[in-house]
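**Student:** Now for the letters of each chain:
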Amino acid sequence: MTTLHVRRALAALMFAVPLALCPAGGSAQGVPNQYTIKPLPPGGPTPRLPDGHPDFTGQWFPNGAGQGVSGRYGVDPAAIPQFDRKLSPEEPPQFRPEALAKIKSMTATELELSKSSVNCMPRGVPAIWLQNPYTTFIVHKPGLLAQLYEVLNNWRLIHTDGRPLPKSPEPFFHGNSTTRWEGDTLVVESIGFDERTYIMPNGWYHSDDLKVTERYTRPSMNYLIVEITVDDPKVLLKPWKSAPRRWTLGNGEIYEFYCTNNLELEELEKLRQQELQQKK
Amino acid sequence: MKSPNLLGAAALACSALVMAAPAYAHHSFAAEWDSTKCREFTGVLRKLDWQNPHPYFFVDVKENGKVEQWSFQAYSPVTLRRNGTDRQVFLDNVDKDVWIRGCLSKTGKPHAAAAGTLKFSDGVMRQVGQIQD
Numbered sequence: 001m002t003t004l005h006v007r008r009a010l011a012a013l014m015f016a017v018p019l020a021l022c023p024a025g026g027s028a029q030g031v032p033n034q035y036t037i038k039p040l041p042p043g044g045p046t047p048r049l050p051d052g053h054p055d056f057t058g059q060w061f062p063n064g065a066g067q068g069v070s071g072r073y074g075v076d077p078a079a080i081p082q083f084d085r086k087l088s089p090e091e092p093p094q095f096r097p098e099a100l101a102k103i104k105s106m107t108a109t110e111l112e113l114s115k116s117s118v119n120c121m122p123r124g125v126p127a128i129w130l131q132n133p134y135t136t137f138i139v140h141k142p143g144l145l146a147q148l149y150e151v152l153n154n155w156r157l158i159h160t161d162g163r164p165l166p167k168s169p170e171p172f173f174h175g176n177s178t179t180r181w182e183g184d185t186l187v188v189e190s191i192g193f194d195e196r197t198y199i200m201p202n203g204w205y206h207s208d209d210l211k212v213t214e215r216y217t218r219p220s221m222n223y224l225i226v227e228i229t230v231d232d233p234k235v236l237l238k239p240w241k242s243a244p245r246r247w248t249l250g251n252g253e254i255y256e257f258y259c260t261n262n263l264e265l266e267e268l269e270k271l272r273q274q275e276l277q278q279k280k
Numbered sequence: 001m002k003s004p005n006l007l008g009a010a011a012l013a014c015s016a017l018v019m020a021a022p023a024y025a026h027h028s029f030a031a032e033w034d035s036t037k038c039r040e041f042t043g044v045l046r047k048l049d050w051q052n053p054h055p056y057f058f059v060d061v062k063e064n065g066k067v068e069q070w071s072f073q074a075y076s077p078v079t080l081r082r083n084g085t086d087r088q089v090f091l092d093n094v095d096k097d098v099w100i101r102g103c104l105s106k107t108g109k110p111h112a113a114a115a116g117t118l119k120f121s122d123g124v125m126r127q128v129g130q131i132q133d
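First to last, the sequence lines map onto chains A and B. In terms of our numbering, the first sequence opens at residue 1 and continues consecutively. In terms of our numbering, the second sequence opens at residue 1 and continues consecutively.
By construction, these hints were calculated from the structure, which means they are not laboratory data. There's no promise every hint is true.
Stated by the list, open to error - 25 Å max Cα-Cα, derived SDA-like pairs, lysine to any residue:
1) A:K167 - A:G143
2) A:K104 - B:F29
3) A:K238 - A:F83
4) B:K37 - A:L111
5) B:K106 - A:L268
6) A:K279 - B:S105
Claimed, not checked - What follows is a list of derived Cβ distance ranges for each label pair:
7) B:R87 - A:R48: 34 to 42 Å
8) A:P219 - B:D60: 52 to 60 Å
9) A:K280 - B:H111: 24 to 32 Å
10) A:R48 - B:K37: 54 to 62 Å
11) A:K141 - B:K47: 41 to 49 Å
12) A:L263 - B:E63: 22 to 30 Å
13) A:L148 - B:H111: 35 to 43 Å
14) A:P92 - B:R87: 36 to 44 Å
15) A:T36 - B:R87: 17 to 25 Å
16) B:D60 - A:E269: 27 to 35 Å
17) B:P110 - A:E110: 21 to 29 Å
Heads up, the beta-carbon is just placed ideally off N, CA and C, and yes, glycines get one too.
Extracted from the complex, chain B is given alone in its bound form:
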């Protein structure tokens, strides 16, 4: 899966403009995640842990010729259900390509990030967590 091209960037910009912010940020994202260390990831979705308060999904990310598994935190299951990215959407995409933009942990926890947006192989841009950049 390729990184988003300019069209993708435009779509993302538009989505940021029209996407609803939460009623208010009940979590302070910056307390735990580093908004200056956000990046893109591409890989294969391997596993989903669908629990409260946050689901985690696990992705085999191939970088520098090495495959390493990363965990990504998402919104709460209730929020994801209501925005159309429910558990079944993740399950339908296990063992398939995924693109994610997320931010790294402030503690430096290895291979852990908070996901903001993602795209499965259907190409739909989905917001699955707070967007920081």
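Excised from the complex, chain A in its bound form:
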């Protein structure tokens, strides 16, 4: 069979074969016809610190399954998203005209090169909670919330001892933070960000006036909810609020991820040069 024939057969089968006929549990392995990776149930009650506040400790996956889902067979589609766009729709950011013009002026390759997933720069806050397909390990104790990001081996210490924001913050990728509890919600407010980060991988940059508010809750053992507000009057017409995104509890295994062999930049730079030539 030629490649063309295989492609045509595939195209036909993609539409013709009902999902029910597929061996969803293991594809070519022919194991039982059911999803083997399902949404993680809520689990038991919220674990708590000695002071009574919720304990956010755990390894958290950015999906509903509590385990990796990319490139795996038998995953229930309901176990993939972090939030239901119908139940909690997320408004798009309202950009100032000049910000929108700047974003739209980026070529496809410039956009790609701006992404931390491509250039290996730290994602920073709040992108680490908005555009991160890898896990985050949280160690929580009274006075300290330590966030260990699997991606690029980044880490962040958030002091929860009530210390105020600095008057003259140094620009950090993760910002400078102060915290407070509102009931069972930990509110983290941060200012002073390195301007090389992007809020989303779509060219949404930020200014030195960026203020980020993270709201953390753990309604049950297996769920961590993170809600982000981005306030950046030099870029946005009004603050942007994310949907409450759910992270699910994993088995505690995180892996080393030093980005030491990034071969993509060279290829993308070639494409960027081609784009510049075309512009001339």
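Chain A is already provided as a structure; the job is to place chain B on it using the hints.
**Tutor:** Same frame as chain A, now just chain B:
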């Protein structure tokens, strides 16, 4: 190793239906790889470079009576570990047959592709990168 037959095509179609998409595409595949130039490769796995952000594996591909070594980019090591195609799986298949479906570089870089799916000699269809077609 033969190209996939109709049964293989059905399995691939099914796998595309039930395979989990990434949480979102953090890379834009189309920025660097040409989804209109995807094809199958058969050859012998020779070498693995298991690094971040992407591992590369090298395959001696025999075409038109000539053997040429191609490099294939895959998902990140973390993603591959979690979907069951870890470093040891590749190492166990060095010097063995492999079938790959992947897409060529947009820059025309010779003998370089992004792998989407592959099969080692055990016949298991594995997703090792973004599937484009």
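**Student:** Give a verdict on every hint.
**Tutor:** Comparing the hints with the structure gives:
1. Restraint check for K167 (chain A) and G143 (chain A): satisfied, since their Cα atoms lie roughly 21 Å apart, inside the 25 Å limit.
2. Proximity of K104 (chain A) to F29 (chain B) is assessed by CA-CA distance (about 20 Å); at most 25 Å being required, the pair is judged to hold.
3. The suggested pairing of K238 (chain A) with F83 (chain A) holds, with an alpha-carbon distance near 23 Å, which does not exceed 25 Å.
4. At most 25 Å may separate the alpha-carbon atoms for a hinted pair to count; K37 (chain B) and L111 (chain A) meet this at roughly 22 Å.
5. A hinted pair counts as satisfied when its Cα atoms are at most 25 Å apart, and K106 (chain B) with L268 (chain A) qualifies at roughly 9 Å.
6. Between the alpha carbons of K279 (chain A) and S105 (chain B) the distance comes to roughly 22 Å, so the proposed pair stays at or under 25 Å and holds.
7. Our hint of 34 to 42 Å for R87 (chain B) and R48 (chain A) holds, since their Cβ atoms are close to 39 Å apart.
8. The given range of 52 to 60 Å is respected by P219 (chain A) and D60 (chain B), whose C-beta atoms sit roughly 54 Å from each other.
9. Against the hinted window of 24 to 32 Å, the Cβ-Cβ separation of K280 (chain A) and H111 (chain B) comes to about 31 Å, which satisfies the hint.
10. Separated by about 55 Å at the C-beta atoms, R48 (chain A) and K37 (chain B) satisfy the suggested range of 54 to 62 Å.
11. For K141 (chain A) paired with K47 (chain B), a C-beta distance near 45 Å keeps the hint of 41 to 49 Å intact.
12. Range check, L263 (chain A) to E63 (chain B): about 24 Å between beta-carbon atoms, so the 22 to 30 Å window is met.
13. As the Cβ distance of L148 (chain A) to H111 (chain B) is approximately 38 Å, the hint placing it in 35 to 43 Å holds.
14. As the Cβ distance of P92 (chain A) to R87 (chain B) is approximately 40 Å, the hint placing it in 36 to 44 Å holds.
15. Distance hint check for T36 (chain A) and R87 (chain B): the Cβ-Cβ separation is about 23 Å, which falls inside the suggested range of 17 to 25 Å.
16. Look at D60 (chain B) against E269 (chain A): about 29 Å separates their beta carbons, and that is inside 27 to 35 Å.
17. A beta carbon spacing of about 26 Å between P110 (chain B) and E110 (chain A) agrees with the range 21 to 29 Å that was offered as a hint.
Against the hints set out earlier in the document, no violation occurs for any number.
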